[in-house]
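Using the sequences and the accompanying hints, generate a full structural model.
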Amino acid sequence: MTEASAKAAPAAHRQDGEWKRRWARLRRNRAALFGGSMILLYTLIALLAPLISPGDPAAPNLISALEGPSAGRLLGTDELGRSILARIIHGSRISLLIALGVVSVGLLIGVPTGLISGYYGGRVDFVIQRLTDMMLAFPGFLLALALVSVLGVGLKNTVISIGISMIPLYIRLVRAQSLAVREQVYVEAAKAVGTRDGKILLHHVLPNVMVPIIVQTSLGMGMAILFAAGLGFLGLGVQPPQPEWGAMLGSGRSYIFHAPHVATFPGLAIFFAVLGFNLLGDGLRDALDPRMKA
Amino acid sequence: MSATGVQAAVSQSQAILALQGLRVHFQTYEGRVTAVDGVDLEVQRGETLGLVGESGCGKSVTALSILRLLPSPPASFEGRILFGDMDLLKLSPEKIRLIRGNAISMIFQEPMTSLNPVMTVGRQIAEAVRLHQGVSAQEGWERAVDMLRLVQIPSPRQRAREYPHRMSGGMRQRAMIAMALSCHPQLLLADEPTTALDVTIQAQIMDLMLRLKEEFQTSIVLITHDLGLIAETAARVAVMYAGQLVEEAGVKDLFRQPLHPYTQGLLGSIPVIGHKFETGRRLLQEIPGVVPSLLDMPPGCPFHPRCSQVMEVCSREAPLLLDKGEGRKVRCWLWR
Amino acid sequence: MLQYVIKRLLYTVPVLIGISILLFIMLRALPGDPAQVLAGELASQEDIQNIRVQLGLDKPIHVQYARFLFRLSHLDLGRSARTQNPVIQEIWARLPNTFLLAVVATGLACLIGIPAGIISAIKPYGWLDNLVTSGALFGISMPVFWLGLMLVVVFSVILHWLPAGGTGGVEHVILPSVTLAAFVVAFIARMTRSSMLEVLNQDYITTARSKGLQEKVVIIRHALHNALIPIITVIGLQFGMLLGGAVLTETVFAWPGLGRLIVDSILARDYPMIQGVILIFGLLYILVNLVVDMLYALVDPRIRYD
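Chains as they are written, first to last, in this note's numbering: chain A, 1249 to 1542; chain B, 16 to 351; chain C, 114 to 419.
Bear in mind the hints are in silico, worked out from the structure with no lab data behind them.
Bear in mind the structure is a predicted one, so any value in this text is a computation, not a measurement.
A hint or two may mislead.
[Claimed, not checked] Calculated from the model, a selection of chain A residues having no Cβ within reach of chain C, i.e. all distances over 12 Å: (1) E1327; (2) L1384; (3) E1431.
[As the list claims (entries may be wrong)] For lysine-lysine, the following BS3-like pairs were computed, each having C-alpha atoms within a straight-line distance of at most 25 Å: (4) C:K329 to B:K105; (5) B:K110 to C:K236; (6) B:K267 to B:K228; (7) C:K329 to B:K110; (8) C:K329 to C:K236; (9) B:K105 to C:K120; (10) B:K267 to B:K339.
A virtual CB, placed ideally from N, CA and C, is assigned to each residue, including glycine.
In structure tokens, the structure reads:
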């Protein structure tokens, strides 16, 4: 009455079959598929922007300023006569770039810190946790805003500020997982055999932390676009004349009374991008580990 | 039908519970799975029936089906579950609720998670009493304290006011037993009641259960994978494999002469202390192979790939349950 | 319980100190000379030096920090470079407005979000659940400032039902609080749903059913309490977020709250004000967290006795 010796297999082997099953679940998950397609669409648009853009996003043409949607200009023109559609298309490059930049910052700094904090515990953990507490003492957007006030405006600083405000999220997430994994028997076994800490972290802890990281990254990219748009709206993010969607909304705000389309369409662009990332994140969470809490 | 009406209807017959051709199917992503495949079982009044098998053989599903605790899609049922002369599978939800915790109770494996963490123990016990016997809050509380005393929890009045996380595993299980027996049910379904407990506590809990069984004249269906437990507490045993009943016998008969190769394998794998000293070193026997996945059952007899006495017919046709008389039943081509 | 409270309080002290140090360093490490900025473009070197002395910027850094802490303990956050009024006064004037919005928005969010989450958890994947889940997804993906603008377009420009901004009567509170509430409702609905689903899968729910309780009773008496425990934390945190994160909504609706204050201060490089508001935000958020922790202990008996 013995089970097959599945338990003796190293954690690495278990990962293979597990990932195959996860991939199968992912492909079945409608949310993930839908969200993923939206993101793919946005990415394609961003990559092919110069080719598909119906005009120059930067060329002002005051004669045709503030015209509503028409046959020639599908989404109308803004206050400087520029094609809103063209600006939105080019704006996708900016937003996606920001999203990538922000999660990169969060991942590169947050994940190793969280791993160390959770795995080693003790004083290192205490200090890191207090620092994280400090950062989390502010709502994320406010933190980004505060950082922008110090660093200044512009694309680079936007990425840095929002990225920094995302770091504590990753630290918390990764730390919680490493704490859990640290207690697992296979980690004890690896240590008993004399495996170096670095290897344990890389081969045992990290793979098990992957799932929440992946989910958080998708959600984080959506959040980054939202935050960047918020900063842009306030005039503290990417600066005009760059066609960042939030900034477009910000400058279009003054015209909502007689030309509401200027503010409406960039907002829709933001909305669908964030929706896509959120859908994907939800789908990933359901497919990769149904046990995770929202 | 009142609660007392329920109890009365059953006392006419001798067999308190009769499962007839019970089949339980689950609809899953990968297809329809049959967790219980044609089980016929009877529980007599006042007896302890042991239901034995490995994890996943369908014994828990069988018990949960009796009280209709399986969510009904995705589960679907065939056959009959007779409690007295009522078919439990056909009862309306209102009527089933009259039976739960009242005429038939259940206790579960994990005392740590089976009690509501934000409700006092006393209140959880009193809840059942108040529901089925319509007593006041005060009275319900008194009865809860009484039950706690009955299950030998010290300072019951104080304990009743506590939350489950303050109690040890053994104490929690006692509280569960108190809760289950609070309305003097005629049948107790015990799903691995001591599996999650220390061995020493196990013995205490089983003693308690048997004593209370005598006192309340309750029949027990004891579900477990622990054969030692069965040997000490059950009068009759039913062995399940892959959703089917493969052998049934009185406990002494089963242990003395197991008929089905699976049962033989189970018994052979029990380590015996001192055996080596008496009869020389003997390797612990195991049953080779693994329990088949319910999605991928072998043709013919589900046990044949692992059977040491397999014959040609076993891989072609599934054997039927044969009643050999004297309470012995076996599902195996060896005995046809 | 008392131990728990004290421990939590103690933890906030290093955090507060840390924030104050960080702020202090941040604002001193800025490129550019605050004295120069305060003095303005046309000031003479002498004026600038005067201001520098006045601000104590000529003293060594640790002396500056000590003075900073001292003034902090007296709630003296300096004067706004923009309006010359005491920072604390400006903050105090606007805090109730932000508070009002946060309370109304959170209240709305709970009234709608919690029942929505519960209902969708009871019949998962049913049509009601799909509706709630989709709605919630939309709610958390929507840029709040865009929603605000769209609401203004519809209700103010097109329908002329509600004002486009500013304070006044109830009609002025509606649009901003609904805008703010959108995200929170969505968030709370999602959290309630997933918390309920998780609770409904627990063993003790099966035990409750096995006692013969009606499903209604099982859900309300057994499941809900357990499900709400993590939700309370979420609600509290969201409230804290709203206190600080209403920046965008306040801007859209010209609502005179702390959020607008900080944006205006950043745009005007009013450093004392920025510093003051951030500090107050941090303090408020920490206080909210503390209250949430206490509520948590109240609601979850397991925490109470540890």
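Fill in: Violations among the numbered hints
Hint check: 2 and 9 fail, others pass.
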